[in-house]
Each structure stands twice: as structure tokens, then as C-alpha cells.
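Engineer: This is what each chain is made of:
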Amino acid sequence: MSTPLHLAVVGHTNTGKTSLLRTLTRDTDFGEVSARPSTTRHVEGARLLVEGEPIIELYDTPGMEDAMGLLAAVESLVKPGERLDGPDRIERFLHSPLATERFEQEAKVLRQLRKSDAALVVIDARDPVLAKYRDELTLFAACARPLLPVLNFVHSPASREMEWREALARLGLHVMVRFDTVAPEVDGERRLLEKLITLLDAHRLPLERLLKAREAEARERMAAGYRLIAELLIDVAACRVMVKHDEEEAIRRQVELLRERIRQREQACVAALLKLYRFRPGDVDMAAIPLVEGRWKEDLFSPDALRGMGIHLGKGAVAGAITGIGIDLIVGGLTLGAATVAGAVAGGLWQVFGHYGERLVGRLRGFRSLTVDDAILRLLAVRQRWLLAALDRRGHAAIEPLRLEAPDVKRWRTGPLPKALQSARQHPQWSALNEGFQPEAAREKAIAELAKQLAEEPPTP
Amino acid sequence: MSRALTPFESRWLAEVIRQHEAAKSPLEDGDLLPQVLKAPADAETRILRRAELIGAREGWLAGITTWREHARTTLLILALIALISGFGAALSVMGTGERPVNVLWLLGSLLGVHLFSLALWLIGMMADGQGGGALLGRAWWWLSDHLGALGMGRKRDAVIGGALLHLLAQHGLLRWVSGAISHLLWLIALLGALVGLLLALALQRYAFIIETTILPSEVFVELTAALGWLPAKLGFAIPDADMVRASGEGLPQMEAARRAWSSWLVGCVVAYGILPRLLLWAGCQFLWMRGRSRLRLDLNLPGYAALRARLLPASERIGVVDQAPSSLPGARIQAHTAHRGQAHLLVGLELGGDIAWPPTGASAVSYWPVVDAREERQRLLEALRTHPPARLLVALDARLSPDRGTLRYLTELANHADATHVWLIGHEPRDAERIGYWHEALQSIGLPPDAVMDDEQRALHWLEHGS
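Taken in order, these protein sequences are the chains called A and B.
In this text, residue positions in the first sequence follow the working numbering: the first is 2, and each later residue adds one.
In this text, residue positions in the second sequence follow the working numbering: the first is 17, and each later residue adds one.
These aren't lab readings, by the way, just hints derived from the structure by calculation.
Treat the hints with care, as some may be off.
[As the list claims (entries may be wrong)] Below, simulated DSSO-like cross-link-like pairs (lysine-lysine); rule was C-alpha separation at most 30 Å, straight line:
| no. | chain 1 | residue 1 | chain 2 | residue 2 |
| --- | --- | --- | --- | --- |
| 1 | A | K213 | A | K276 |
| 2 | A | K276 | B | K249 |
| 3 | A | K196 | A | K80 |
| 4 | A | K80 | A | K213 |
| 5 | B | K54 | A | K453 |
| 6 | B | K54 | A | K276 |
| 7 | A | K116 | A | K80 |
| 8 | B | K40 | A | K446 |
| 9 | B | K40 | A | K213 |
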């Protein structure tokens with residue numbers, strides 16, 4: 002199919018046609034959306050592209066506002082004794098003066114529908130099945146184009162989906178699609194495209210291309226999201242601060258500084274994830290996630306946050322004022338695996354002095370290093386993964402609060418930390434939060450490995 | 017910039033821009049977009065094209081070329097230094113030939129540092145595979161990066177070197193680059209040493225001896241034979257056992273022995289110095305070049321993911337194809353003052369099935385069943401025409417949207433009644449906006465705001481009593 006598929010998006014006024022188009026085109030500024038009825042009064046088009054090639058041309062139409070009157074008018078145009086079928090009647094109407102006066106808006110819709118290969122009929126599932134809606138569907142059907150009803154707002158409590166299904170079936174429309182432009186389903190777009198494929202077999206190939214492209218896009222986005230989380234975890238795990246262990250005041254200050262740095266780093270990750278999914282502050286579909294204005298409600302270091310995720314502080318952590326920070330004694334920190342030592346020695350004599358030397362010197366001068374406790378790493382992993390999963394599903398109305406007993410969450414709560422994180426702890430130069438930060442190949446490898454691990458477990462819904 | 021970028025340099029430039037945008041804010045590229053979108057529809061191609069255009073504008077393109085020049089210059093300088101120091105080291109180690117030369121000690125001096133550095137590199141490669149042990153490679157890198165600043169006092173643009181480092185590190189190529197440089201420099205040094213060695217052997221007269229305090233001389237025979245195994249395979253002559261023993265006894269040396277030892281020395285330098293370095297250099301160079309040709313941008317990096325969405329848009333607008341009409345004919349209630357009717361009628365129009373009809377408080381009022389279909393509407397109109405009511409209360413479902421069809425019918429109904437009010441049923445507090453639209457729509461057909469009610473009691477009260 003070299004010419005793109007022409008689809009008209011039709012329906013009663015205020016059913017969400019323009020919103021549907023915005024979702025399909027990923028163009029958040031297409032047309033004009035408002036709760037005011039009769040917002041769209043022109044026909045506006047957009048092309049869906051795959052690798053620069055147009056696959057579908059979508060046309061947004063004005064709402065049908067006087068279908069009952071129009072149907073009556075169309076019937077009156079048929080002279081007694083004449084037998085005209087649907088399309089002929091519509092043609093006669095479009096050529097009559099009615100099409101330019103009283104029913105000009107409806108004429109635009111029907112004209113566009115006649116020019117298209119098929120139509121998406123958007124229905125507000127919350128509305129009762131009134132006579133005027135049935136008349137509307139009769140008029141659409143008379144245009145002799147394949148129709149795919151799209152039931153919008155199905156996730157609203159006022160939805161009357163079953164009534165509509167029955168009414169549509171009575172009109173011979175048995176294939177339909179559930180949608181919700183406000184709280185979209187996980188695979189709402191995919192289902193819509195799949196149903197279009199069943200309806201329009203001749204256009205199967207380009208539609209499948211579009212489907213595959215959209216799926217690939219979603220996968221790539223998720224991979225990028227996991228990478229962001231992996232980088233956050235590496236940066237936090239490798240972060241360390243030196244303190245002189247005798248002065249409690251200095252320790253407290255350094256602890257606060259370290260915490261603040263970690264909080265900001267987490268916030269940067271959250272902002273990056275939101276940007277990746279083009280989340281806008283006004284979107285209402287994030288009700289289930291405790292983000293307030295793009296920030297986590299629970300402070301990372303509060304005991305509630307840890308408790309809420311079912312994570313317990315490690316034995317080495319000191320409770321109370323410096324919760325969440327593990328004091329990593331130099332002695333403990335220097336028990337390295339043989340490979341690391343060899344690598345360090347061979348890896349450049351000055352590098353050895355660079356970080357271990359600092360610690361050796363520090364030990365001699367009575368310093369300790371503060372690092373972030375494992376519990377905080379777990380908390381970060383769990384809640385960022387949850388955020389990513391929620392963004393991927395964009396506020397599915399049935400999104401449940403995080404289930405703590407899901408096997409993958411349990412793994413992060415109680416299992417051993419991944420190797421990549423353990424080795425990050427031994428490489429302070431891997432953390433962008435530390436001063437001696439150096440982008441190394443080993444760091445990139447660790448991030449890639451960790452991202453793969455994060456992605457392997459199916460995240461909680 | 018007349019020279020076009022190689023594919024690798026393109027990706028390097030893209031990485032420079034990505035890092036810059038990650039550290040600061042995204043660069044302005046609106047005016048470049050049309051050109052970028054003309055490039056083939058592949059994410060990487062478009063990102064590279066954008067990078068080229070921005071790089072030319074911001075001066076990074078020139079920066080990359082400069083960096084490469086610096087790198088080349090540094091390599092040249094270091095190679096020269098290596099050559100000269102190798103040559104000089106060989107000459108100084110050989111001495112002038114006045115005293116007999118301790119041949120094993122000589123070999124150790126010529127090859128010792130080289131072998132130690134080689135061992136470090138090998139250990140480094142086996143331990144973490146990142147080639148950190150290529151010390152000369154690191155020195156070359158540092159100098160290349162800082163040459164501009166050192167030489168001409170210009171401020172070093174750290175992002176260019178940093179981006180290259182990051183790019184190479186990510187694709188595991190840094191170890192090959194630094195390894196290749198390191199091995200190359202050592203190779204040149206050893207070649208210099210070889211030249212010096214040959215020169216010294218050619219123009220001066222040396223006597224080769226073996227000295228020891230504690231080891232038996234047999235050890236040296238075996239050692240010489242073992243070390244000489246590889247040179248022998250390469251075609252160099254090596255001293256036999258008698259010559260070795262003779263060298264250990266301080267007797268005046270025979271011509272054949274001198275020649276044999278010289279050949280052995282040169283052979284060892286070639287076999288254990290030049291050959292390994294040559295092979296390793298070739299290996300690293302090959303892996304580096306292969307990796308470079310296979311290098312592609314990692315599109316999962318955060319900066320590229322966002323760019324991809326912009327440069328490979330999912331849709332493009334076609335625009336308005338059928339203009340909105342400037343205005344649509346609207347109905348309006350005709351005003352009339354004749355008090356024709358006496359009845360008070362309650363009518364429900366297009367009410368949803370969940371709304372209770374008749375309403376609970378309407379026991380004393382005459383009402384019609386819910387009107388929806390065309391025939392029902394016709395019937396109601398007929399009834400109103402024959403018996404026009406004094407007061408007509410029309411109940412509407414406030415959850416629906418006001419549309420022209422409903423408004424037109426309302427107008428037709430109101431034209432028959434003396435006074436018409438509308439009662440909006442079925443709304444909830446959250447639909448305040450929708451109520452507003454209803455008020456607007458009803459006003460446009462001529463119903464004033466006080467004629468629109470949403471309270472059941474007030475509405476029924478008006479119907480019965482008129483106020």
C-alpha cells in the first residue's frame with residue numbers, strides 16, 4: 002500500500018475525538034480540546050509516520066449535533082416510490098441546499114467520511130443510548146464505510162459499556178474498541194490497531210508496520226528508563242564522604258550533606274523519567290503514585306519510606322539521627338577481592354594512590370568514610386522501578402499500590418544486592434556525586450549490566 | 017571546515033553535544049530542524065546530521081579537528097623521544113668496549129623495563145580487561161588533551177576529550193587505543209635500541225663475559241640455550257655450550273664467540289622485545305580499527321532517547337482541510353404574550369435510564385413519559401399545539417452536552433408554551449463546568465438564567481405556583 006490509509010474520526014460532539022487524535026499522533030498540541038461542546042468545527046488532518054513514511058492519515062471532524070433532524074431531512078429527500086440505498090441518499094443530501102445551511106456541520110462530517118477508507122466512531126460510554134445517537138450511527142452506516150466504534154471513558158464509574166455493546170450489535174457493529182483518553186489502558190493503542198487490521202484486511206501490512214514501530218518505541222523507551230535507574234543506583238552506591246570519626250558534629254553535618262546530595266540525585270532521576278515519558282504536570286493519571294508536583298512525597302531517608310516498602314535497615318547502620326547511613330570503616334573497606342587488587346595495581350600506579358591511597362592516608366589521619374546503606378539502595382531501586390512501570394502504563398485506572406510480596410520486589414527487598422552495585426561500592430570514582438569522578442569503561446559495563454537486571458524482572462503493575 | 021568528518025568523528029561530535037546538553041540545557045536547534053528532517057529517516061543518521069550542523073555552528077567541529085591534530089603531534093613527539101631514548105639507552109648500556117660486557121646483565125638492561133611494562137599490561141588486561149596498564153597510552157592521552165592549553169595558553173575545552181573518552185570507554189575501545197599507542201611507542205623505542213645496538217656492535221669491539229658469584233656455570237649454558245631457542249628459530253646464530261663456558265672463564269674471546277654472542281643479543285632483542293610489541297601493536301590496532309568501524313551510537317543513552325522522539329516524529333500535521341463555518345444558524349424562542357393556556361406540564365427530554373421518572377415530588381403535577389425518539393417528539397409537539405400550556409417545565413439530563421438538535425427542539429416546545437423553564441437533573445457537584453455550558457447554550461436560544469433551575473423543589477414549585 003503506497004498510499005496511506007485515510008481514517009475519519011467521527012462522533013457526537015464532546016466525546017473526545019480530538020483527545021483520541023492527540024494520543025494517536027503523540028502530538029499534545031493538535032487541535033483544541035475543551036469541555037465546551039462544539040469545540041472542533043473544522044476538519045483537520047494529521048499523518049502517522051513510521052520511519053518518515055506516512056502510514057495513516059487521520060482526520061478530526063466536528064461533532065454531529067443534529068443527527069435526528071438530519072436523518073429526518075435525508076428521508077424527506079427520498080421521493081415516494083423511490084428506492085435509494087444509504088450512500089445514494091447521503092449523496093443526494095450532500096448535493097442539496099440543506100448541506101450548506103442548517104446541516105453544514107454534519108455535511109462536513111459525512112463528506113469526510115465518504116472520502117475516507119474507514120472511520121473511528123468515538124462514543125462517550127457514559128452517555129445513555131439515546132435515539133439521537135442511534136440516528137447518528139445510522140447515518141454513518143449509510144456512508145458504506147467500515148466503522149470501528151471506540152468506546153471512550155470506559156474506566157469512568159458512570160460507564161455504560163454493556164448497554165452500548167448491545168446497541169451497537171443491534172446495528173450490526175460487533176467489533177469495537179475500549180479506550181480511555183484520560184486513563185488509557187496498557188495496550189489500548191495496540192488493540193485499536195489490531196481491530197483496525199481485522200476490519201481492513203487490505204491495509205494489513207502498513208498497519209502491522211505501525212504496530213511494530215509503536216511497540217519498538219515503547220520497548221526502547223523502557224530500556225532508556227532502566228538505564229537511568231541503573232545509573233542512579235551506581236552513582237548512589239559509589240558515593241562516599243570522608244569524616245573525622247571523633248567529631249560528632251562534623252559527622253552529623255557530613256551526613257546531612259551526603260543525604261542532600263543523594264536526594265537531589267534521586268530527584269534528577271525522577272525528573273528525567275518524567276521527561277522521557279513526556280509527563281506533564283497537569284496530567285491527572287498519576288493519582289496512584291505518591292508524587293507531589295513531580296517529587297516523591299516520602300523523603301528518601303525517613304523511616305516511613307523504608308517501612309512502607311518493607312525494607313529493614315542493615316545491622317551495621319546506626320539508628321536514630323543518622324538513619325540510613327552505614328559507617329564503613331576503612332578496615333572493612335580495604336578487604337578487597339584479589340582480582341580487584343591486581344586490577345588496581347596493574348591499572349596504573351597513580352590510580353592506586355588516587356583512591357586507596359586517600360583511604361590509607363585517611364586512616365592514618367583518623368578519617369572514616371560514610372556511604373549509603375544498602376537499605377536506601379533497595380528503596381531507591383524499588384520505588385524508581387515502580388515509577389517507571391506506572392509511567393509505562395500511564396495511569397491505568399486499576400493501578401494497584403505496590404505489592405510488596407511480588408517475587409521481584411521481594412528480591413530487591415531482601416535478596417543480595419546485584420554484583421554491579423557491590424563493585425560500585427569499591428569504585429568511588431564511578432559516582433558522579435564524588436569529586437574524583439571518571440567515566441570508565443568498567444562503569445559503563447556495570448550500568449549496562451544493572452539495567453539489564455532491572456529489566457529482566459517484570460515490574461509490578 | 018573543508019574536510020568532512022569520518023563516521024567515527026561524527027559520533028564523537030554527537031557525544032560532545034550530548035554531554036554538553038546533559039550538563040547544561042538543550043541547545044537551540046529549531047532553525048536546523050528542517051534540514052535535519054530531510055536526512056534519511058533513521059534515528060542515528062538524523063542525530064548525527066543535527067550534531068554536524070550544531071557542531072559547525074558552535075565550533076566543536078573545529079575543536080575535534082584540532083584535537084586530532086594535537087593527538088598526532090603528541091604521538092610524533094613521543095615517538096621521536098622514544099626513538100632517541102631507545103637509541104641512547106642502548107649506546108649507554110653497551111658502553112665503549114674498554115671493559116668486557118656482562119652479556120646477561122646487558123640483556124636485562126636492554127629488555128628489563130620493557131618486559132616489566134609488558135607484564136603490567138598483561139596483568140591489567142587479564143584482571144579487568146580495561147587496559148589500564150598501558151601507562152604510555154595514558155601519558156599520550158593526557159598530553160594530547162592538554163597540548164592546546166600547554167602550548168598556546170588557550171583554555172582547554174574539556175568536553176571534547178571527555179566525550180572521546182566516554183565514547184571509547186563505552187564501546188570497550190579505550191583499551192585497544194591505549195594499548196596500540198603504548199605498544200607502538202615501545203616498539204619504536206626498541207627499534208631505536210636495536211639500531212643503537214647494531215651500531216655499537218658494528219663500530220666498536222666488545223668482549224662478552226658471564227660473571228657470577230654463586231651460580232654454577234651450567235646454569236648459564238641452559239639459560240643461554242633456553243633464551244636462544246626463539247632467536248634460533250628466527251635464524252639467528254646462538255653460542256653453543258663451549259662458547260658459553262669459555263665466556264665464563266675470562267679467557268680472551270674468539271672471533272666466532274663474539275659473533276655468536278652478538279647474534280644472540282640481537283636475536284633476543286628482536287624475539288623478546290620487538291616481536292611481541294609488534295604483534296601486540298598489530299593486534300590492538302586491528303581491534304581498534306575494527307571496533308571503530310563497527311561503532312554505532314548507543315541510542316538508549318538519555319540524551320539520545322529524547323532526541324529520537326523529536327527527530328523521528330510519530331506524526332506530522334496536515335492542517336485544516338475544511339474550514340469551520342463562520343456561523344451557524346441558531347434557533348431562538350419567539351416571544352409571545354398571549355396567555356393562551358392553563359395547563360402546567362412537566363416533560364422529560366432525553367433522560368438517562370437511571371434517572372427516576374416521574375420524579376418523587378411530582379405527584380400533584382401532570383407529566384409526560386420521557387421523550388426521546390422522533391415519534392415521541394412529534395407526538396409531544398402535536399399535543400402542545402392543540403393544548404398550549406401556561407407553564408412548561410422541561411427536565412434535561414445535565415450530564416449530556418448541549419447540542420443544536422436538542423436546543424432546536426426545545427425552541428419548538430417553548431414556542432407553544434407561555435412560560436418555559438428548564439430543570440437540569442442528574443448533575444453532580446463535579447460537573448459545575450458542564451452546568452455553565454448548559455446555561456450558555458440555553459441563553460443563546462433565549463432562556464434567561466433564572467429560567468434554568470437545578471433544584472427539584474424550586475423547579476416543581478415554579479411549575480405549580482409560577483414563582
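Engineer: Mind listing which of the numbered hints don't hold for this structure, in increasing order?
Structural biologist: Hints 2, 3, 4, 5 and 9 contradicted; others consistent.
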